[in-house]
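Visitor: Please model the complete structure; the sequences and the hints are all you need to start from.
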Amino acid sequence: MKNIALTVIVALSSATALPALAQSNTNLMQATASTEQYSDAQLDSILAPIALYPDTLLTHILIASTYPLDVVAADRWRQSNKHLTPEQVENVLTSVSWDPSVKALAPFTELLNTMASDLDWLQQLGDNVLINQGRVLDRVQVLRQHAHNTGNLVTNDYIEVETERENTREIIYIEPRQREVVYVPYYNPHAVYGHWWHATSPVQWRHNVSYHHHSNVFWSPSIRLSTFFFFGSVHWHNRHVVIHREPVRRYYHGSPRKRVINREYRRWEHNTTHRRARYSNHVVHSAPSRYEKAGQRREKYVSNKQFRTMNSPSRQGEKQAGKLATRTVDKTPSTRTIEPKTVTPIRESRFKNGQGTVNRKQSIEHALKRNQAVAKMNKPTKENTLTKLKKDKPVRIASDAKAPKRIEQNIKESRLPKQYTNKERVVRASPQPRSVAKESSEPKRIERTSNAYTRSSKQNGNSQKQVMRGERSVAKRNYEKR
1 MKNIALTVIV ALSSATALPA LAQSNTNLMQ ATASTEQYSD AQLDSILAPI ALYPDTLLTH
61 ILIASTYPLD VVAADRWRQS NKHLTPEQVE NVLTSVSWDP SVKALAPFTE LLNTMASDLD
121 WLQQLGDNVL INQGRVLDRV QVLRQHAHNT GNLVTNDYIE VETERENTRE IIYIEPRQRE
181 VVYVPYYNPH AVYGHWWHAT SPVQWRHNVS YHHHSNVFWS PSIRLSTFFF FGSVHWHNRH
241 VVIHREPVRR YYHGSPRKRV INREYRRWEH NTTHRRARYS NHVVHSAPSR YEKAGQRREK
301 YVSNKQFRTM NSPSRQGEKQ AGKLATRTVD KTPSTRTIEP KTVTPIRESR FKNGQGTVNR
361 KQSIEHALKR NQAVAKMNKP TKENTLTKLK KDKPVRIASD AKAPKRIEQN IKESRLPKQY
421 TNKERVVRAS PQPRSVAKES SEPKRIERTS NAYTRSSKQN GNSQKQVMRG ERSVAKRNYE
481 KR
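The opening position of the sequence shown corresponds to residue 1 in the numbering used here, with each subsequent residue numbered one higher.
Hint data in this document are derived by calculation from the structure and do not stem from the laboratory.
Heads up, a few of these hints could be off.
As the list claims (entries may be wrong) - With a cut-off of at most 16 Å between alpha-carbon atoms, the simulated EDC-like pairs for lysine to aspartate or glutamate come out as follows: (1) K82 <-> D40; (2) K258 <-> E110; (3) K258 <-> E166; (4) K258 <-> E160; (5) K258 <-> E162.
Guide: Shown next, in the form of structure tokens:
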């Protein structure tokens with residue numbers, strides 16, 4: 001009987017424990033599902049349009065996807081500044097607070113616009129990078145292997161492809177053929193990767209019609225960049241993204257896989273304070289100690305900032321409030337007593353019985369009347385001007401008697417040109433000898449020696465007449481002698 005009772009008790013206890021075990025198993029399954037988040041099919045469809053990009057460009061895309069707000073802001077700025085060249089873009093964005101990977105993608109106008117226009121794709125890619133970089137890079141190598149097997153991923157005029165064997169897997173490196181020139185590939189995943197092996201269709205990006213077609217891939221125009229662009233890469237052996245500690249000063253023309261085996265490269269880490277956006281539930285469940293606390297700190301900071309801006313007074317108000325507080329608390333109110341003014345003995349003697357004020361008013365009125373009378377006498381009126389003119393009339397007539405002659409002389413002198421005034425003075429000082437006609441059988445006209453002399457004689461009234469008379473008398477005498 002005792003054995004039967006024991007078996008019944010054990011059966012009942014096991015029956016009650018089975019639901020608890022089932023519930024714990026379901027919780028574990030949910031936890032693992034939440035940490036994995038996306039299946040391989042979903043992750044391959046997300047990585048399909050960018051898996052064949054050069055390693056450096058792929059690095060910037062993976063990092064920039066974790067800062068979606070910077071990507072959207074950079075795309076809006078680039079759409080309004082399409083006229084800028086990549087070199088000008090690099091110089092303009094030096095002082096902007098965007099992430100360096102977003103700044104590196106700014107010259108790629110169409111690529112940046114495609115990333116910013118599909119926010120769901122951008123968020124899903126960023127979530128997978130934050131959760132597990134190694135898994136993302138592994139799926140990139142799987143996609144590259146499919147493209148390499150179909151013959152669509154080979155070295156050409158745009159990219160350089162290198163393969164390396166590592167234990168049980170093969171690593172494929174992709175780098176630009178020219179280090180300072182980058183071409184962005186656009187392709188159809190169904191044609192490049194071969195037969196698509198997942199039920200979910202891959203993401204396909206559109207491209208411009210003018211792009212060059214080569215081996216099932218459309219290549220964008222060349223984008224020439226400086227060494228600033230090549231500061232990031234992928235450490236495929238350790239399966240994580242690396243960035244250069246200092247700005248790259250020169251291009252590296254060696255093997256791409258040897259670039260990351262360098263002490264100057266360090267592993268990239270996501271900056272939670274720079275994200276300025278909420279993390280999805282998948283990211284929070286994957287690392288709650290990091291992303292959940294970062295989101296809480298961000299929300300707390302924003303709430304405190306809003307509370308301060310809404311309820312706290314301004315700086316000027318704070319200063320005034322502080323001054324009022326110091327006045328009321330520190331200082332006690334004080335009463336002031338104003339004593340009446342005392343009159344000096346001089347004023348008392350001056351204004352005794354109020355007579356001084358009356359005499360002062362009378363003297364002021366008398367001075368005003370006197371000033372008005374003087375001003376009226378000195379004021380120019382018609383009568384004053386007429387009397388002055390009558391008094392000055394005989395003096396003006398006597399002085400103006402000789403005025404017409406002076407005026408005529410001044411007019412004549414002013415009419416003379418400047419180039420003859422000096423000659424006229426010379427003629428008056430030393431007159432030239434008069435010209436006399438030579439003796440001949442026939443009378444001849446007398447030629448004058450100087451034009452200046454004749455002009456001066458014409459202008460000088462009586463002197464001109466005397467000259468003409470002398471010339472005529474000389475001519476008559478010569479004629480009579482003949």
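Visitor: Are there hints from earlier that the structure breaks, and if so, what are their numbers?
Guide: Checked against the structure, the hints that fail are numbers 1 and 2, while the rest are satisfied.
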